[in-house]
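Listed below are the residues making up each chain.
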Amino acid sequence: MNKNMSAKGGSAAGGKKILEGSRAIAETVNNCGVAVVSAYPITPQTHIVEELAKIKADGQGNFEYVRAESEFAAISIVLGAAATGVRTYTATSAQGLLLMTEVLFNVAGMRLPVVMTDANRAISAPINIWNDQQDAMTMRDSGWLMVYGETVQETCDLHILAYKIAEATLIPAMVNLDGFVLTHVVEPVEIEDAKKIKIFLSAWKPTEILDVKKPLTLGAFVTPAHYMEIRKELHDDIVAAKKLMTKEMVNFKKIFGRKLSLCEYGGAKDAGTVIVAMGSVLGTIREAVETHCNASLRNAGILKITSLRPFPDEEIIKLIGSKKNIIVIDKSISLGTEGILATEIRRVLYGKSKARITSVIMGLGGRDITMEMIGKAVEESKKTKEQVIFIGK
Amino acid sequence: MVEIRIHGRGGQGSVTLAELLAEAAYYSGLMSQAFPNFGVERRGAPVTAYVRLDKKFIRLRSQVYEPDYIIVQDASLIGGVDPVKSGKAGIRQGELFNGVNVFAGAKKGTVILINTKKPASDFKAPAGVRIKTIYATGLALEVIGRPIVNTILLGAFAGLIGTIKMEAVEKVITERFSGEIAQKNIAAAKKGYTAISNN
Chain A
1 MNKNMSAKGG SAAGGKKILE GSRAIAETVN NCGVAVVSAY PITPQTHIVE
51 ELAKIKADGQ GNFEYVRAES EFAAISIVLG AAATGVRTYT ATSAQGLLLM
101 TEVLFNVAGM RLPVVMTDAN RAISAPINIW NDQQDAMTMR DSGWLMVYGE
151 TVQETCDLHI LAYKIAEATL IPAMVNLDGF VLTHVVEPVE IEDAKKIKIF
201 LSAWKPTEIL DVKKPLTLGA FVTPAHYMEI RKELHDDIVA AKKLMTKEMV
251 NFKKIFGRKL SLCEYGGAKD AGTVIVAMGS VLGTIREAVE THCNASLRNA
301 GILKITSLRP FPDEEIIKLI GSKKNIIVID KSISLGTEGI LATEIRRVLY
351 GKSKARITSV IMGLGGRDIT MEMIGKAVEE SKKTKEQVIF IGK
Chain B
1 MVEIRIHGRG GQGSVTLAEL LAEAAYYSGL MSQAFPNFGV ERRGAPVTAY
51 VRLDKKFIRL RSQVYEPDYI IVQDASLIGG VDPVKSGKAG IRQGELFNGV
101 NVFAGAKKGT VILINTKKPA SDFKAPAGVR IKTIYATGLA LEVIGRPIVN
151 TILLGAFAGL IGTIKMEAVE KVITERFSGE IAQKNIAAAK KGYTAISNN
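Residue numbers (the numbering used here), protein chains in the order written: chain A, 1 to 393; chain B, 1 to 199.
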């Protein structure tokens, strides 16, 4: 970069700004007071870690930036750092996330509150650098908390929340945002400064850490006598995290003035048709429903899912249990079955609802999703006898 | 909502222009959104970027298909064939290189700003579409000493649209550049603004 050119946006101070999504996340993560950052660059995550490196180089970051030779190394480095009791951060996308797989399960199993951003991207082959959500959805069962941002603002807010919940529950958290769509967009965003974040996010006080003065082993060998109990404990704690998240979302609103929720209903209250989705596509869905760009969208409702893990079962039943026609839009697929979010919704509503549920696959590999396509998805779902349909244009 | 599409070539800073426009609009009191058409960028290849301006926060995330404004940073892009629509889609380099229809989606009332020496009357615009030309490359050489057209076009576009204030343009240039470079680019933006206003 030209010496006379500063990065998009300028300093790491707080306030209302117009910034690239990646820069906004980097500033927020820095203001969360991370101690160790380690990452390996991959499109479309690259700008986030470049901006963190720049913040560090500009003397505005108090963290160690450890360069890694791969994503496997990056997640291993933050695992080790978190095990010594410090706040850690990494970010990745697609193949990078897949390369981390083994360690992701270790981080969760060792109960280390690592926070990671996944700039959601399609998985190879064929190689494709563009956005969909297949990467993170493939890690659904790794034992991480998983949340999805709709806007740059919400994604930044979810990072602050992620540290709070991860450290309180000792469960790592993955904050997802749509690669390119949100990482590369320049839009208005409020950057919370370190002082304000500290009110919400007090210092992490770990109880069991790697310390040479008080040696112990983390993630040790466990026989059949205990393994199941440990797995059940993690399961129970992920379920229980829901209550804490709801409570902390209320606290978040008090301090920062912005609302967060596990899931949220929008659109017509008496809607017969509800569109369920996660991430940035919700903005396009809202616009499509409000402008009635297609007759089939008249009187439609929208269910936004922010938290995939924990999954807000009861809330979803309450919000859409009585609806007749449910359309679940997925930017990923469990090949051979249907969209992954669709399966989740079906599971939750089983025995609780008589709704017709259609899984609609859209936006794979960066295919643009327009308002007209949202209308078409609803139209087609009413006509089709299939459980899963693909809407590509 | 106002939708803008920018066409340039890799290295010309189409994405930077989109970002500067969105930032200047925001500092002028509008809400804005800028994003690149996420391609596999390489120097010289066609690049597209988008900007949306509105009074309220912009939620729409799709690409721009029917722009109110089109900015063409490089007139040599005009006349290329769309490789998909023409049925000539392929990975032969020449086709991809020229495969851009800068007028795509232009509608009644769309304004197209082209960086060229030629007068607007030399271009065949679709019905109802207005063409404005500015020789940004020449002006950039004159003011900056290098053929970097971004800030000339930024100032010109501010003059064209009216809702983006020149103080805001100066602010975003000062945020992104420093010292002499910033001063030259502010002068360039002013030059673009004046040129389009007298056009």
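Just so you know, the hints here were simulated from the structure itself, not pulled from any lab data. Fair warning: there could be bad hints in the mix.
Said to hold, decoys possible - Derived DSS-like pairs: lysine-lysine, alpha-carbon spacing no greater than 30 Å straight-line:
1. A:Lys-376 - B:Lys-55
2. B:Lys-56 - A:Lys-376
3. A:Lys-17 - B:Lys-165
4. A:Lys-259 - B:Lys-107
5. A:Lys-254 - B:Lys-55
6. B:Lys-55 - A:Lys-253
7. A:Lys-16 - B:Lys-184
8. B:Lys-56 - A:Lys-269
9. A:Lys-196 - B:Lys-108
10. A:Lys-269 - A:Lys-205
11. A:Lys-16 - B:Lys-117
12. A:Lys-17 - B:Lys-190
13. B:Lys-171 - A:Lys-393
14. A:Lys-196 - B:Lys-56
15. A:Lys-56 - B:Lys-171
16. B:Lys-108 - A:Lys-16
17. B:Lys-55 - A:Lys-16
18. A:Lys-254 - B:Lys-56
19. A:Lys-17 - B:Lys-55
20. A:Lys-54 - B:Lys-108
21. A:Lys-16 - B:Lys-124
22. A:Lys-16 - B:Lys-190
23. B:Lys-184 - A:Lys-196
24. A:Lys-17 - B:Lys-184
25. A:Lys-393 - B:Lys-190
Right, here's what the structure says about each hint:
| no. | hint | result |
| --- | --- | --- |
| 1 | A:Lys-376 - B:Lys-55 | holds, 28 Å |
| 2 | B:Lys-56 - A:Lys-376 | holds, 26 Å |
| 3 | A:Lys-17 - B:Lys-165 | holds, 17 Å |
| 4 | A:Lys-259 - B:Lys-107 | violated, 39 Å |
| 5 | A:Lys-254 - B:Lys-55 | holds, 27 Å |
| 6 | B:Lys-55 - A:Lys-253 | holds, 25 Å |
| 7 | A:Lys-16 - B:Lys-184 | holds, 28 Å |
| 8 | B:Lys-56 - A:Lys-269 | holds, 24 Å |
| 9 | A:Lys-196 - B:Lys-108 | violated, 49 Å |
| 10 | A:Lys-269 - A:Lys-205 | violated, 44 Å |
| 11 | A:Lys-16 - B:Lys-117 | violated, 41 Å |
| 12 | A:Lys-17 - B:Lys-190 | holds, 24 Å |
| 13 | B:Lys-171 - A:Lys-393 | violated, 40 Å |
| 14 | A:Lys-196 - B:Lys-56 | holds, 26 Å |
| 15 | A:Lys-56 - B:Lys-171 | holds, 25 Å |
| 16 | B:Lys-108 - A:Lys-16 | violated, 36 Å |
| 17 | B:Lys-55 - A:Lys-16 | holds, 17 Å |
| 18 | A:Lys-254 - B:Lys-56 | holds, 24 Å |
| 19 | A:Lys-17 - B:Lys-55 | holds, 16 Å |
| 20 | A:Lys-54 - B:Lys-108 | violated, 45 Å |
| 21 | A:Lys-16 - B:Lys-124 | violated, 44 Å |
| 22 | A:Lys-16 - B:Lys-190 | holds, 27 Å |
| 23 | B:Lys-184 - A:Lys-196 | violated, 39 Å |
| 24 | A:Lys-17 - B:Lys-184 | holds, 25 Å |
| 25 | A:Lys-393 - B:Lys-190 | violated, 42 Å |
Comparing the model with each earlier hint shows violations of hints 4, 9, 10, 11, 13, 16, 20, 21, 23 and 25; every other hint is respected.
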